[in-house]
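Residues per chain are reported as follows:
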Amino acid sequence: MERFIALRLLQAIPVILAVITVTFFLVRVAPGGPFDSEKAVIPEVKAALERQYRLDLPLLQQYTAYLGDLAQGDLGPSFKYPGRSVNELIAAGLPVTAELGLYALLVAVLIGGSAGIFASLKPNTAQDYLPMAAAMIGICMPTFLLGPLLVLVFGIHLEWLPVSGWGDIPGDKLLPSITLGAAYAAYIARLSRAGMLEVLNQDYIRTARAKGLPEWQVVVKHALRGGLIPVVAFLGPAFAGLLAGSFVVETIFQIPGLGRFYVQAAFNRDYTMILGTTVFLSTLIVLFNLASDILAAWLNPRLRHQFGSSR
Amino acid sequence: MALLSVDDLKVSFVGRAGVTRAVDGISFTVEKGQITAIIGESGSGKSVACYSLLGLVPMPPGRIDGGRALFEDRDLLAMSERELREVRGRDIAMVFQDPMTCLNPYLRIGEQLIEPLVYHQRVSKDEARKRALELLEEVGIRDPATTIDNYPHEFSGGMRQRVMIAMALINEPKLLIADEPTTALDVTIQAQILRLLADLQKKHDIGVIFISHDLAVVADIADQIAVMEKGRIVEHGNRQKIFHGAEHPYTRKLLAAIPAGSRPAPEANGDVLVDVQRLRTWFGDPAAPVKAVNDVSFSARRGEVLGLVGESGSGKSTIGRSLLRLAPVTGGSICFDGTELTGLEGRALKAMRRRMQMIFQDPFASLNPRMTVYDTLAEPLLLHRIANRRSVEEKVLKLMDDVGLARAFVRKYPHEFSGGQRQRIAIGRALATRPDFVVADEPVSALDVTIQAQILDLMLELGKEYGLTMLFISHDLAVVRHIADRIIVLFRGEIVEEGTGQQLFEAPQEDYTRRLLDSIPGRGLLA
Amino acid sequence: MSDVASTLEYAEAGTSLWQDAWVRLRRNRLAVFGLVVMATLIVLALLTPWIAPYAYDAQDLDLGATPPSAAHWLGTDVFGRDMLTQILYGGRISLAVGFVATAVALLIGVTWGAIAGYAGGKVDAVMMRLVDILYALPFMIFIVLLMVVFGRNVLLLFLAIGAVEWLTMARIMRGQVQSLRQQEFVEAAISIGLPTTTIIRRHLVPNALGPIIVYTTLTIPQVMLLEAFLSFLGLGIQPPQTSWGLLISYGAETMEEYPWLLIFPGAALTLTLFSLNFLGDGLRDALDVRGAKD
Numbered sequence: 001m002e003r004f005i006a007l008r009l010l011q012a013i014p015v016i017l018a019v020i021t022v023t024f025f026l027v028r029v030a031p032g033g034p035f036d037s038e039k040a041v042i043p044e045v046k047a048a049l050e051r052q053y054r055l056d057l058p059l060l061q062q063y064t065a066y067l068g069d070l071a072q073g074d075l076g077p078s079f080k081y082p083g084r085s086v087n088e089l090i091a092a093g094l095p096v097t098a099e100l101g102l103y104a105l106l107v108a109v110l111i112g113g114s115a116g117i118f119a120s121l122k123p124n125t126a127q128d129y130l131p132m133a134a135a136m137i138g139i140c141m142p143t144f145l146l147g148p149l150l151v152l153v154f155g156i157h158l159e160w161l162p163v164s165g166w167g168d169i170p171g172d173k174l175l176p177s178i179t180l181g182a183a184y185a186a187y188i189a190r191l192s193r194a195g196m197l198e199v200l201n202q203d204y205i206r207t208a209r210a211k212g213l214p215e216w217q218v219v220v221k222h223a224l225r226g227g228l229i230p231v232v233a234f235l236g237p238a239f240a241g242l243l244a245g246s247f248v249v250e251t252i253f254q255i256p257g258l259g260r261f262y263v264q265a266a267f268n269r270d271y272t273m274i275l276g277t278t279v280f281l282s283t284l285i286v287l288f289n290l291a292s293d294i295l296a297a298w299l300n301p302r303l304r305h306q307f308g309s310s311r
Numbered sequence: 001m002a003l004l005s006v007d008d009l010k011v012s013f014v015g016r017a018g019v020t021r022a023v024d025g026i027s028f029t030v031e032k033g034q035i036t037a038i039i040g041e042s043g044s045g046k047s048v049a050c051y052s053l054l055g056l057v058p059m060p061p062g063r064i065d066g067g068r069a070l071f072e073d074r075d076l077l078a079m080s081e082r083e084l085r086e087v088r089g090r091d092i093a094m095v096f097q098d099p100m101t102c103l104n105p106y107l108r109i110g111e112q113l114i115e116p117l118v119y120h121q122r123v124s125k126d127e128a129r130k131r132a133l134e135l136l137e138e139v140g141i142r143d144p145a146t147t148i149d150n151y152p153h154e155f156s157g158g159m160r161q162r163v164m165i166a167m168a169l170i171n172e173p174k175l176l177i178a179d180e181p182t183t184a185l186d187v188t189i190q191a192q193i194l195r196l197l198a199d200l201q202k203k204h205d206i207g208v209i210f211i212s213h214d215l216a217v218v219a220d221i222a223d224q225i226a227v228m229e230k231g232r233i234v235e236h237g238n239r240q241k242i243f244h245g246a247e248h249p250y251t252r253k254l255l256a257a258i259p260a261g262s263r264p265a266p267e268a269n270g271d272v273l274v275d276v277q278r279l280r281t282w283f284g285d286p287a288a289p290v291k292a293v294n295d296v297s298f299s300a301r302r303g304e305v306l307g308l309v310g311e312s313g314s315g316k317s318t319i320g321r322s323l324l325r326l327a328p329v330t331g332g333s334i335c336f337d338g339t340e341l342t343g344l345e346g347r348a349l350k351a352m353r354r355r356m357q358m359i360f361q362d363p364f365a366s367l368n369p370r371m372t373v374y375d376t377l378a379e380p381l382l383l384h385r386i387a388n389r390r391s392v393e394e395k396v397l398k399l400m401d402d403v404g405l406a407r408a409f410v411r412k413y414p415h416e417f418s419g420g421q422r423q424r425i426a427i428g429r430a431l432a433t434r435p436d437f438v439v440a441d442e443p444v445s446a447l448d449v450t451i452q453a454q455i456l457d458l459m460l461e462l463g464k465e466y467g468l469t470m471l472f473i474s475h476d477l478a479v480v481r482h483i484a485d486r487i488i489v490l491f492r493g494e495i496v497e498e499g500t501g502q503q504l505f506e507a508p509q510e511d512y513t514r515r516l517l518d519s520i521p522g523r524g525l526l527a
Numbered sequence: 001m002s003d004v005a006s007t008l009e010y011a012e013a014g015t016s017l018w019q020d021a022w023v024r025l026r027r028n029r030l031a032v033f034g035l036v037v038m039a040t041l042i043v044l045a046l047l048t049p050w051i052a053p054y055a056y057d058a059q060d061l062d063l064g065a066t067p068p069s070a071a072h073w074l075g076t077d078v079f080g081r082d083m084l085t086q087i088l089y090g091g092r093i094s095l096a097v098g099f100v101a102t103a104v105a106l107l108i109g110v111t112w113g114a115i116a117g118y119a120g121g122k123v124d125a126v127m128m129r130l131v132d133i134l135y136a137l138p139f140m141i142f143i144v145l146l147m148v149v150f151g152r153n154v155l156l157l158f159l160a161i162g163a164v165e166w167l168t169m170a171r172i173m174r175g176q177v178q179s180l181r182q183q184e185f186v187e188a189a190i191s192i193g194l195p196t197t198t199i200i201r202r203h204l205v206p207n208a209l210g211p212i213i214v215y216t217t218l219t220i221p222q223v224m225l226l227e228a229f230l231s232f233l234g235l236g237i238q239p240p241q242t243s244w245g246l247l248i249s250y251g252a253e254t255m256e257e258y259p260w261l262l263i264f265p266g267a268a269l270t271l272t273l274f275s276l277n278f279l280g281d282g283l284r285d286a287l288d289v290r291g292a293k294d
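So the protein lines, in turn, are chains A, B and C.
1 is the number of the first residue of the first sequence in UniProt numbering; add one for each residue after it.
1 is the number of the first residue of the second sequence in UniProt numbering; add one for each residue after it.
1 is the number of the first residue of the third sequence in UniProt numbering; add one for each residue after it.
Keep in mind the hints are simulated off the structure, nothing from the lab.
One or more hints might be untrue.
Cut-off 27 Å, straight-line C-alpha distance, at most; resulting in silico cross-link-like pairs (DSS-like, lysine-lysine) [to be verified]:
| no. | chain 1 | residue 1 | chain 2 | residue 2 |
| --- | --- | --- | --- | --- |
| 1 | C | Lys122 | B | Lys125 |
| 2 | B | Lys253 | A | Lys122 |
| 3 | B | Lys202 | B | Lys230 |
| 4 | B | Lys253 | B | Lys241 |
| 5 | B | Lys32 | B | Lys241 |
| 6 | B | Lys241 | A | Lys221 |
| 7 | B | Lys253 | B | Lys32 |
| 8 | A | Lys221 | A | Lys122 |
| 9 | B | Lys464 | B | Lys350 |
| 10 | B | Lys241 | B | Lys130 |
| 11 | B | Lys130 | A | Lys221 |
| 12 | B | Lys253 | B | Lys203 |
Being a predicted model, the structure only gives us computed values, none of them experimental.
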């Protein structure tokens, strides 16, 4: 197992490096310099600005300098918010987005997982059809439609919940978390149902029943672990999806998180901000993918032994 | 009084197409300390009958239509799920067919072993573990103190089956239901497990229901035998009566299907058609290769049926596939009718392919599911220009006749046929090019016993008619003896012994051959 | 080949697996519903310029936003544009993105996967390793980045989305080819002496088609969702063109006063996604494709 983890970590390094490189050059070759929009900048000022942002150097040197900064954890200054670094902006947005993401993930795993398991216990009955119909709605109802609809119904029509903000009024965290988590709850429900059904049809489940174990023990002790491995493996991609979804949800609910910064930076063509955030988020996603891969492998004794020395 | 007496048990399945009666009013008894065997081919309802006793048939679609099953004066069929659960794993335990899939891969075997004990007897975990260690020792697991904490995948198939047996016995059940417990195992392992089961049954004085498709397997161990066909018990009696005084035609058919006797020693004529010298197939790391086939040399004369026998991992299939250039060869030579096959390419290879064909094991996988019989049989005919567009129909129909399939089925697809019929189609495809040499890799081991006999007869008959030389690969010595002129015994990639069926059976020279022979189930009764 | 079979009239015709699947699909009411809805939508999209009640750019600023009425079945937006017309034209774009980007993914993925699966060995290892690496990349963020950097361009959108979705397609195709290659009927075809191209055409492709069809059906809604997502953020389709995602985004801005501007385009998108997912699930059951993503 240790070798497996080490191997995967080693493989993650070139991926992250590739992300940094591709993003860097994409941003640099983008048509239009960062200061073109500001009309009539005095040439001296422009030159000074370019020096400050190292744009006067040859591209390759800019790149190596950027890598050097990154190695020290410095994501560089922002173009649009002079005097503020990308690090500061990320530090300001991250806690909010992390909290939102965590709640959404909880919604997804708890609701989705239990719905899927529940459905799998009595396949092709009402107990299966109802949660699966709900899951289908969750999959077909995009975040950016669900959010406004929830606001319309619970915020504006019924006036039960606040329609925007984060941590300002009690209850304002509920709608964003549900909105962001709903689609993933739906995916996880379908995944866990399929996984559980697959496992419940295995011969070893029959063995467990032949031992006379009560059904709940059969499910909890014998079926759950194998059935939920696909869900664990899905957590990595789900995390990436949640981050992307946070762009929309934070925009809809006007939450001052990383996602909203990112979208604003995209519109403002704040290249250093885009570059820095992309690098940061990408690294996060790669690492999270890695973690969910490792966890899924660890849950499977066969894989765990294949790579390890735990015998 | 009988330990278990089943009376007029009826079980059905309710499906979209209607109600199918799987078990149609069977009655039998199991005595304490005796083994009752239930024999039947696939679909006979033998497993469903036993599973329904314990409520292990999913309902729906299953449905018990009637009957009684008295176990110690209580009717199992009338019990609530809760009561039944108390019986399951405590009074009645089960051992299943495939030890590879019947143990939970995510749990250590110790944990799985003690489960019935802890649950039913409320024994502490430490105590249960002690008992489990004793039992593992008893069923022949080496070094139980350390292996008890291993996962199932760290055991071989035979060892897993021993673990399954230990698990079944841990609560000292009164009745053990064993569903084809040796079918997935190699012959020598099968013999060991059968002996183990018989020994434990005597020692613990329990009743056993032994479900099997193979009469020979139970020949040495069963006290009572019930033969099932299409949901009914057609004949029932003690071992002596079934093997020596069977009355029902189906029982006789089953007995007749057990391959027995060797073919008369052939006259050594005919020139050598296939000559294999120091054939070698190694896989993996060149520094420490897996020697699947290691310096094997043999030859087959024209018109001869050469048998190749070995257990799983002996390299027998690799040899067969190497001959047809379907598997890579590391070294050695394969000479076919004067032509060296290794290294042959392009047109020359294609010409050779026409002359050598293969019949595969799994009739479900060996036919393209999206092609009709007609297309499957016409393909080689057209490719090698044995027939043109006009004459091809005639030739396809002739092949259908030869392999014993009705002409009217020619436009059907593989999934519309039974296993035996599919194997006939596969034989037809192999014969289409009128080859000189055919490799048959376990061609009957996926089939029911009575079908096996039919296919073997068909192969012998067609072999003669087409003047074939055949390499017949099998794990089953009895089958090979029945069909082959000469037999090669293979062990771990090397040839152990070679001779006619008579020579090998009557005067085996090597230990391994002797062990194989001793493992053939029911030898004593059937010889 | 089967043309000869027509002369074998005395023989009972068999039921091919495709026919079997079709029978099973027809029994699945939701899948049939999906099929009918999709067929209708495709016809509507093709005929839009002729059947749309108003011209695409017809505005009526005096009218402004009105709820559904006899003249405007689905109401009008703040510029007095007919909502039905907007949705019809938006649907053209949304569906086009869905189909074209999926086709791109299909083409790349199937080719890549088939080559890797058939070649096996080192070629396979290298090709699939690359897919694994690409899988780990945060594509969603990359697409946003691409749209920011290169401007919002439909062609680029097709390519970008297609480039993301081909990965799974390649994995599925490669798995198919690899497992089919080991099937005995393919070995039988080799031992008969059939040329590789014929083996691929006659024995591999027809048998790998099922999972590909299912996965393609399930990829289209994903792609449409992605497009709508980008358009909603303002990074996808740009005016004067429109798409359902863009309409939803406008609708969300004014939903308090004019909820129908959100609800109708939302319903159109959701209905389409439903149909495609029902159809995909139905096809999966009918073609008995196991494990093709859930």
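A quick look at each hint next to the structure:
Our distance criterion of 27 Å between C-alpha atoms is broken by lysine 122 of chain C and lysine 125 of chain B, whose separation comes to about 50 Å. Distance hint between lysine 253 of chain B and lysine 122 of chain A is unfulfilled; the C-alpha atoms sit about 43 Å from each other, more than 27 Å. Between lysine 202 of chain B and lysine 230 of chain B the CA atoms are separated by roughly 32 Å; this puts the pair beyond 27 Å, and the hint is violated. Only pairs whose Cα atoms come within 27 Å are accepted, and lysine 253 of chain B paired with lysine 241 of chain B is accepted, the gap being roughly 15 Å.
At most 27 Å may separate the alpha-carbon atoms for a hinted pair to count; lysine 32 of chain B and lysine 241 of chain B meet this at roughly 20 Å. As the CA atoms of lysine 241 of chain B and lysine 221 of chain A are separated by approximately 47 Å, the hinted pair breaks the 27 Å bound. For the given pair, lysine 253 of chain B sits about 30 Å from lysine 32 of chain B by alpha-carbon distance, which is inconsistent with the 27 Å threshold. For the suggested pair lysine 221 of chain A and lysine 122 of chain A, the alpha carbons sit about 18 Å apart, so the restraint of at most 27 Å is met.
Distance hint between lysine 464 of chain B and lysine 350 of chain B is fulfilled; the C-alpha atoms sit about 25 Å from each other, no more than 27 Å. A hinted pair counts as satisfied when its Cα atoms are at most 27 Å apart, and lysine 241 of chain B with lysine 130 of chain B does not qualify at roughly 44 Å. Restraint check for lysine 130 of chain B and lysine 221 of chain A: the C-alpha separation of about 22 Å stays at or below 27 Å, so the hint holds. Taking the CA atoms of lysine 253 of chain B and lysine 203 of chain B, the gap is about 35 Å. The hint is violated against a cut of 27 Å.
Figure legend: structure checked against the earlier numbered hints; hints not met, in rising order: 1, 2, 3, 6, 7, 10, 12.
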